[in-house]
Amino acid sequence: MATTVKDFGEQPNRIDRMGRTVVHEGELLRHTVYTRFLHWMVGIFFFLALLSGFGIYLPWIFRWFTPLLGGGPATRMLHPWFGLGFVIFFGLQVLNWKDLMRWTEADTRWMRNIKSYVRNEEAVEPPDVGFFNAGQKFQFWEIVCGCVAYLITGVLMWFPEIFGRIAVAIAYVIHDISALIMLAGIFVHIYLSTVGEPHTFQSMTRGTVREDWAWTHHPAWFQHVTGRDPQQACEEVRRRMSAGEKH
Amino acid sequence: MSDRTTLQIVQISGHPGPVPGKGVQRQDQVCKLVDTTTCIGCKACEVACVEWNDLPFQPTTFDNTYQTMPETNWNYWNLIKFNEHESKDGTLQWLMRKDQCMHCADPGCLRACPADGAIVQYSNGIVDFQQEHCIGCQYCVSGCPFNIPRFNSSTKKVYKCTLCSDRVSEGLEPACIKACPTGCLHFGTKDDMKMLANTRVTQLKEHYGMEKAGVYDPQSVGGTHVMYVLHDATTPELYGGLPAVPTIPLSFTAWKSFFKPLGLAAAMLSFFGVVFHYIFEGPRRIQPEAPVKLSEPPARGNQ
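Chains A and B, in that order, are what the protein sequence lines are.
The numbers in the numbering used here rise by one with no breaks, and the one at position 155 of the first sequence is 155.
Each number in the numbering used here corresponds to the 1-based position in the second sequence with 1000 added.
The set of hints was computed from the structure by calculation and includes no laboratory data.
Errors might be hidden in some of the hints.
Stated by the list, open to error - Which stretches of chain B does chain A cover? Using the computed rule of at least three CB atoms under 8 angstroms from a CB of chain A, they are:
(1) 1012-1024
(2) 1206-1218
(3) 1244-1253
(4) 1257-1266
(5) 1276-1284
Ideal placement from N, C-alpha and C gives every residue a C-beta, glycine not left out.
Chain B extracted, bound-state conformation (with noise of 0.2 angstroms):
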């Protein structure tokens, strides 16, 4: 056995059966904490994820904002999402966000996937494409409240933020974490991060007087291991198009978990409404046929 911490998987998508391995190794569950009030939109995280996870460039759209392209994309995974908000008071504000995968406890990706084992969590808290085994239907992108995952219609293949699962597996933090210069992203375990959070909050409402400042952590989705410092949590939509309350379409839960498996036990009763109409009615066959010599069923016992 190794010492090295290896990410073990704790859920499949589209997979029958229990999942290998699962609880084999307890994790402490991780999260990468953004503090939106400190994010000086430098783009040094997003340059650090294209040159660790390798991502060819591509040219970009300027949009008249200071955000490098109007949304993420299948090879440029992490986006500051640049939004110039006037408030009532007519102050203005530069509200800027690291718009990622936000590794949902309860991911709408993994559950619309219909491919075995194209997209897994790992007992970290980490949701990982399998590029290998995703079929590219696109489903995950439907069953995402964040609109993370991106399709690259040459491969065939969705593609989305790993947080760095490779380094993460390693001890290492994600590759935005270790370049952002202001210290507005950390990266630890949950609680960590959660404590990090409130405290900042606190400091917030106390120190800048923000009382609407608040941590983003949706429990719709059952948490998400990527959380926010917002200076106005009430509105998460300014950053970006954050939701407020993201939920998982119903096809992708109540359908697909529930009714489906149900949907089709009522399909097969046809299937054994006929062959049990042929036992007990027989065929209905061509007239005249030959005169019937018994209809009712012989007596019982030995006679």
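Here chain A stands alone, though its shape is the one from the complex (with noise of 0.2 angstroms):
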């Protein structure tokens, strides 16, 4: 069965008309075309920004990365794109899930409950996380926090002869001080995208989950695009599996 967007009543753009997501049998449609499209354009830059500014950042430990990009002047000279590519996706990113991430009173409670969360106490999530998680959104509105000090920053680093040296000297904190919230970031968020949460990586690739991923992960979600309710549908499957059937 393929489709394209039945998510949410959007209508499919261009890029995702350019592309094809196939939603098999007991799986979900989660990330669109366009969506995947702008999560890997944001991967790129964010990589090729951090190798080049690392380099930059501490020369005596990552020296070895300015060579990756043609040298030192070309590192100085490409950072600022590559920074600038990394806002821009962003920035479209931001406008494709703005809705998403509005926070709510069930990312409070979350948030509260963290712990449970980190300590894997509970097996499913609790049945009000809707489509992301309140971690999540924590981390997505602090990238775009991040992107506007890069912005800001960068900008007064790139052009210091219109800044002036005090700009720049201040700016250099700023931006130093995003990159490693970032670089801390980046590793929680490859961490729960592939081995920490099994079959979520699938989704910002094949663009679909599982739906005993949705109700373990998403239950408010799941609910949503299904109709079912997701400790049911749960239960259901356990009963089965402990009667000996196959899943």
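Relying on the hints, combine the two individually framed chains into one complex.
As structure tokens, then:
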């Protein structure tokens, strides 16, 4: 069964129509082609900017990054453009996701209870967790703030002859702090989307997730798109499993 | 071994590990002394600088003063700054100061520079830019308290006075010193120049009644390898914006040398965090999963 977009009643845009998302039996459409395209553009530019930036950040540790990009002067020349690419594509993702990323009371509850998420105390997420959980939203809004900081401080350092030495000196520190926060964040992001939560990665490649993934990690979203109760769906499979039937 | 005096490097920007050859040779600290009280603003030093360093001439801007151009430039490293100063008692002074790189003992440019080997400090105190290693980020401009490094937007490199390191390494004085007709420019060891400067200050105080005369050798950057004798050392700002207390921004001192590696280590905690999360807690699996067989660690020892 091939579908394009049926999520949230949105119309497929031009990039969605350029690609295809195949949703098999037992799967749900998670991310459209456009979303996936933006995600990987952001990812590519993020790592290009990270590599080129860290070659300049701590040259005595990361000097081996700069030859990868054509040497010091080339790295210096490219880094602002990589950064600009990152900010632009993330900006488009913000427009794409702004409704899904709206903070709700359920998110505040999730955040208060973050310890149980980290310690894996509950096998399934609370029933009010929608398309994104509060952790994802927090990281998203952190990157929004980070992008604003990057853009302002980056422009100050890109054109120091206009803004002066003290502006550069201040911008330099803010730019670094933003990079360090995102560096810390990227490990968590990669971990949770791969080995930390198995079967998540396919949502950003093929665009679909398994139904059991959805009721485990995003029960409210599962209910919204299927109309079925996530807890009942899960229990039904559990009963069949313990009865010896193959899942 | 040659008996020629060569320049040994003591500090390299953005360099991992020790400085090769550091401390092999001991050298005297060199210093340029500029006696602003005897400068007549003839610009011979400016011409000598452009000539010796083979810098291309460019059209200048006349701003109705006895100053060649408003600021030094990537191809104009030495400029006599001119200021017509009216004192409170109504007397007029033409303050002229030779503006060029100060060759700080603790150079803000070198501290700020992220490119390995783009800025070096020689054991005789000269701070030199190595353009072939410069990446054109202009952090040195931000790090310099004297507003000296100049960016060339077509070569994407930064330039400044070299204190004629090529001449000095051969035992010659810098070109500007050689050209000075009034003897306002002196060159020698730092100790000798300090002595000369102090003698001149005493002279100015005792014979000319300049009570505020003094030597400009700012200790906030560890002293400089270009010193000034000023008529009024209490207000160096009058001499074309010479800072009373030149300081390197904290970004290039505390932040760069201490908090940067610390911040990186802190960010890497996140990496170790996720690794150990996987080991201690394991993944969050899709539910339902196969029933748990054993959740406690097995008993140790042979059974």
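Each hint, compared with the structure:
1. Coverage of a stretch by a chain is defined here by at least three residues with a beta carbon nearer than 8 angstroms to that chain's beta carbons; for the segment 1012-1024 of chain B and chain A the count is 4, and the condition holds.
2. Three residues within the 8 angstroms Cβ limit are the bar, and the segment 1206-1218 of chain B against chain A gives 0, so the coverage statement is violated.
3. Here the segment 1244-1253 of chain B counts 4 residues with a CB under 8 angstroms from a CB of chain A, which clears the bar of 3, and the coverage holds.
4. Counting residues of the segment 1257-1266 of chain B whose C-beta sits closer than 8 angstroms to any C-beta of chain A gives 5, which meets the bar of three, so the coverage hint holds.
5. Check on the segment 1276-1284 of chain B: 6 of its residues sit with their Cβ under 8 angstroms from a Cβ of chain A, so the three-residue criterion for coverage holds.
In the structure shown, a violation is registered for the earlier hint numbered 2 alone.
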